[in-house]
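Colleague: Make the full structure from the sequences, and use the hints.
Chains as they are written, first to last, in the UniProt record's numbering: chain A, 1 to 355; chain B, 1 to 355.
Bear in mind the hints are in silico, worked out from the structure with no lab data behind them.
Glycine is no exception: its CB is placed at the ideal position from the N, C-alpha and C atoms.
Incorrect hints may appear among the rest.
Unchecked claim - Simulated restraints on C-beta separations:
no. : chain 1 : residue 1 : chain 2 : residue 2 : range
1   : A       : D219      : B       : G8        : 32 to 40 Å
2   : A       : P280      : B       : E205      : 34 to 42 Å
3   : A       : E205      : B       : A10       : 53 to 61 Å
4   : B       : A243      : A       : S321      : 37 to 45 Å
5   : B       : H44       : A       : P255      : 41 to 49 Å
6   : A       : D161      : B       : R7        : 53 to 61 Å
7   : B       : T342      : A       : P334      : 40 to 48 Å
8   : B       : D214      : A       : S48       : 31 to 39 Å
9   : A       : P280      : B       : L188      : 39 to 47 Å
10  : A       : P280      : B       : D14       : 52 to 60 Å
Protein chains: 2
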Amino acid sequence: MRAAIRRGPAIVVDECEIPPPGQGQVRVRTHHCGICGSDLHAIHHFESFIDYGRRAGLLTGRIDPGRDVVLGHEFCAEIVEFGPGTERALKEGAMVGAFAVNFDEKGAEGVGWSNHYPGGYAEYMVLTESMLVPVTNGCPSERAALAEPMAVAIHAVNKADHQDSAYMVVGCGPIGLAIIAELKARGLGPVVAVDYVAERRAVAERLGADLLVDPAVGDPHDHWAGLDVPYGPVVYPRAQSRARRAVLFECVGVPGMLNRLIDAAPRNAQIIVAGVCMAPDSIEPSLAINKELEIKFSMAFSADEFRQSMHRICEGELDVSPLISRIVGLDELPATFDELLTAPRSAKVLVDPRR
Amino acid sequence: MRAAIRRGPAIVVDECEIPPPGQGQVRVRTHHCGICGSDLHAIHHFESFIDYGRRAGLLTGRIDPGRDVVLGHEFCAEIVEFGPGTERALKEGAMVGAFAVNFDEKGAEGVGWSNHYPGGYAEYMVLTESMLVPVTNGCPSERAALAEPMAVAIHAVNKADHQDSAYMVVGCGPIGLAIIAELKARGLGPVVAVDYVAERRAVAERLGADLLVDPAVGDPHDHWAGLDVPYGPVVYPRAQSRARRAVLFECVGVPGMLNRLIDAAPRNAQIIVAGVCMAPDSIEPSLAINKELEIKFSMAFSADEFRQSMHRICEGELDVSPLISRIVGLDELPATFDELLTAPRSAKVLVDPRR
Numbered sequence: 001m002r003a004a005i006r007r008g009p010a011i012v013v014d015e016c017e018i019p020p021p022g023q024g025q026v027r028v029r030t031h032h033c034g035i036c037g038s039d040l041h042a043i044h045h046f047e048s049f050i051d052y053g054r055r056a057g058l059l060t061g062r063i064d065p066g067r068d069v070v071l072g073h074e075f076c077a078e079i080v081e082f083g084p085g086t087e088r089a090l091k092e093g094a095m096v097g098a099f100a101v102n103f104d105e106k107g108a109e110g111v112g113w114s115n116h117y118p119g120g121y122a123e124y125m126v127l128t129e130s131m132l133v134p135v136t137n138g139c140p141s142e143r144a145a146l147a148e149p150m151a152v153a154i155h156a157v158n159k160a161d162h163q164d165s166a167y168m169v170v171g172c173g174p175i176g177l178a179i180i181a182e183l184k185a186r187g188l189g190p191v192v193a194v195d196y197v198a199e200r201r202a203v204a205e206r207l208g209a210d211l212l213v214d215p216a217v218g219d220p221h222d223h224w225a226g227l228d229v230p231y232g233p234v235v236y237p238r239a240q241s242r243a244r245r246a247v248l249f250e251c252v253g254v255p256g257m258l259n260r261l262i263d264a265a266p267r268n269a270q271i272i273v274a275g276v277c278m279a280p281d282s283i284e285p286s287l288a289i290n291k292e293l294e295i296k297f298s299m300a301f302s303a304d305e306f307r308q309s310m311h312r313i314c315e316g317e318l319d320v321s322p323l324i325s326r327i328v329g330l331d332e333l334p335a336t337f338d339e340l341l342t343a344p345r346s347a348k349v350l351v352d353p354r355r
Numbered sequence: 001m002r003a004a005i006r007r008g009p010a011i012v013v014d015e016c017e018i019p020p021p022g023q024g025q026v027r028v029r030t031h032h033c034g035i036c037g038s039d040l041h042a043i044h045h046f047e048s049f050i051d052y053g054r055r056a057g058l059l060t061g062r063i064d065p066g067r068d069v070v071l072g073h074e075f076c077a078e079i080v081e082f083g084p085g086t087e088r089a090l091k092e093g094a095m096v097g098a099f100a101v102n103f104d105e106k107g108a109e110g111v112g113w114s115n116h117y118p119g120g121y122a123e124y125m126v127l128t129e130s131m132l133v134p135v136t137n138g139c140p141s142e143r144a145a146l147a148e149p150m151a152v153a154i155h156a157v158n159k160a161d162h163q164d165s166a167y168m169v170v171g172c173g174p175i176g177l178a179i180i181a182e183l184k185a186r187g188l189g190p191v192v193a194v195d196y197v198a199e200r201r202a203v204a205e206r207l208g209a210d211l212l213v214d215p216a217v218g219d220p221h222d223h224w225a226g227l228d229v230p231y232g233p234v235v236y237p238r239a240q241s242r243a244r245r246a247v248l249f250e251c252v253g254v255p256g257m258l259n260r261l262i263d264a265a266p267r268n269a270q271i272i273v274a275g276v277c278m279a280p281d282s283i284e285p286s287l288a289i290n291k292e293l294e295i296k297f298s299m300a301f302s303a304d305e306f307r308q309s310m311h312r313i314c315e316g317e318l319d320v321s322p323l324i325s326r327i328v329g330l331d332e333l334p335a336t337f338d339e340l341l342t343a344p345r346s347a348k349v350l351v352d353p354r355r
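Modeller: Right, here's the structure in full:
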């Protein structure tokens with residue numbers, strides 16, 4: 001089958017083998033698969049990506065970066081073949097997403113994070129039947145493919161304190177935008193959206209962000225006081241009536257960003273780190289302790305959050321259509337990766353391997 | 001009056017002026033005052049200490065490090081004189097602690113963190129009457145002086161997740177030990193106490209720590225699995241029945257320590273940072289995100305936590321006596337600072353300026 005393969009620090013379109021569906025597995029045809037920031041990290045930072053996974057005990061730690069990997073874990077696909085020992089509650093032709101972990105006689109292994117199980121940048125995948133989540137309500141495949149990144153956003157938003165908080169989303173790439181979508185779908189706010197890129201701020205606006213800030217033009221932290229968040233020197237006595245708490249989502253993931261937030265954040269703020277910084281980073285703990293900040297690192301989601309995400313998208317409770325920038329074929333993936341790695345202006349780009 | 005003065009990077013015993021009690025203020029005679037880790041930082045790191053305070057908007061940011069400062073903010077003292085405009089609900093001779101902030105016509109200023117208001121390393125202090133907290137129940141002054149560091153511990157423990165958690169206290173200096181005392185006073189555990197120094201581990205044992213680890217001999221993180229905390233690679237499917245969450249208290253505050261905990265901690269652990277690291281520090285965010293760690297920086301306490309701390313010590317609900325290593329006079333302070341800065345073996349050392 002055709003696939004876009006991570007081979008060395010490049011994406012190469014080539015033929016590859018698809019494993020036959022094993023015990024309890026199904027073969028699916030990929031309709032749409034999103035490009036994730038982690039897929040981008042896998043181009044130039046794959047060794048450290050794997051090393052961090054290994055040190056944290058994750059399945060990604062088992063990948064051999066010297067061998068081919070077909071990336072892609074944000075997919076919507078059609079069941080085309082059942083392997084042995086399957087229950088077949090869903091039928092051939094059914095559309096599904098999946099919590100992207102496969103089980104076989106060797107144990108658990110990621111889908112799209114594996115030398116063995118190709119991900120969604122390929123015409124076909126093998127998935128474990130028990131991990132499938134059906135697409136319902138006739139939801140278009142390209143929207144259902146957003147169930148994965150929206151689950152990441154739901155998970156990050158679940159970690160936040162929502163007792164009269166004011167929100168700042170720093171970085172309006174796909175995850176920052178998905179977090180804005182989730183906050184506004186829950187009726188939460190005010191939400192300040194921060195990004196240098198006008199196209200991404202425009203998507204944030206369509207998703208309902210209350211305030212858009214281009215940090216090249218103004219300091220986003222100038223807005224805290226106007227949002228009833230105490231900002232600046234401690235005022236004694238400390239009683240502050242009707243004060244909002246600041247919740248910041250760090251969705252950039254480059255070195256230095258976390259400490260810029262530690263330096264600029266209001267006292268007692270909560271920082272949810274959803275952007276993955278691939279290098280060691282320097283922070284000033286004395287600033288964080290003097291402000292009593294709280295930093296929660298957020299990654300992935302639970303199986304339940306994934307099911308919720310798919311359900312809410314399919315039922316129209318979460319309108320993810322503003323997040324979708326465009327859909328490309330496999331042949332366009334190398335150039336798309338180049339754009340997203342160098343000068344990203346898009347939100348979510350999906351690949352349709354049928355094209 | 002006599003005082004131990006921070007003058008340049010040294011403690012010097014000398015005479016100094018005591019300001020007259022102003023509007024709403026009282027003059028007190030210091031009975032006991034504890035040496036805090038922050039006081040130690042004020043010897044060699046005073047400039048950055050002040051700079052971090054300034055950047056975080058704290059009162060400490062206003063100190064001029066080139067001028068004398070009489071340190072000491074963990075005190076118990078006797079009221080000896082009332083200034084104008086005082087309410088005098090307490091009487092002369094009453095023993096008090098205080099939330100160490102003074103108010104005057106210029107605003108708020110720290111006590112013991114000021115070029116103007118001497119702290120407890122002096123025979124006398126001036127305090128704002130409304131900030132006084134009375135010592136009750138005939139509680140000995142040296143124990144009441146522990147209300148301040150115990151409030152720091154209460155505050156740190158209040159930040160932790162206590163839904164079936166297992167605790168590790170890394171560093172058994174005064175704050176680590178106070179945290180152990182508070183955890184055990186609340187009936188929480190198991191508590192693993194970690195320190196290189198045998199004397200400090202012995203105090204941790206007296207305070208009820210369930211497991212003592214000398215990291216020169218064994219890896220404290222080897223104990224997680226035995227405490228029902230999932231440790232090591234992620235196991236799929238993730239359902240883990242009756243699993244405890246790990247809560248780690250970082251009470252060391254030297255560069256590198258936080259990332260050692262990020263590297264060694266179980267997945268989903270909560271790290272409460274109570275040790276103040278005075279230098280920029282390097283962390284590996286990808287490890288923290290892959291493990292979904294939560295880092296809460298904890299400093300000081302609320303006025304209510306301070307009152308609670310004093311009350312519980314006076315009522316005998318918190319036995320702080322194991323924390324007190326010894327009581328010294330002003331003349332012994334320079335040598336005591338030297339010991340605590342170079343090879344600390346003590347828990348809390350108090351100064352009694354009446355000696």
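Colleague: Now, for every hint given, state plainly whether the structure supports it.
Modeller: Hints and how they fare:
One distance hint, 32 to 40 Å for the beta-carbon pair D219(A) and G8(B), holds here, with the actual separation near 38 Å. For the pair P280(A) and E205(B), the beta carbons lie near 37 Å from each other, so the given range of 34 to 42 Å is met. Under the hint 53 to 61 Å, the C-beta atoms of E205(A) and A10(B), about 59 Å apart, fit the expected range. Judged by the Cβ atoms, the range 37 to 45 Å given for A243(B) and S321(A) holds: they are separated by roughly 39 Å.
Judged by the Cβ atoms, the range 41 to 49 Å given for H44(B) and P255(A) is violated: they are separated by roughly 29 Å. Between D161(A) and R7(B) the beta carbon distance is about 44 Å. The supplied range of 53 to 61 Å is therefore violated. In this structure, T342(B) and P334(A) break the distance hint of 40 to 48 Å, their C-beta atoms being roughly 59 Å apart. Taken as a hint, the range 31 to 39 Å holds for the pair D214(B) and S48(A), whose Cβ atoms sit roughly 33 Å apart.
For P280(A) and L188(B), the Cβ-Cβ distance of about 34 Å falls outside the hinted range of 39 to 47 Å, so the restraint is violated. A hinted range of 52 to 60 Å for the beta carbons of P280(A) and D14(B) is inconsistent with their spacing of about 45 Å.
Violated hints, in rising order: 5, 6, 7, 9 and 10; the structure is consistent with all others.
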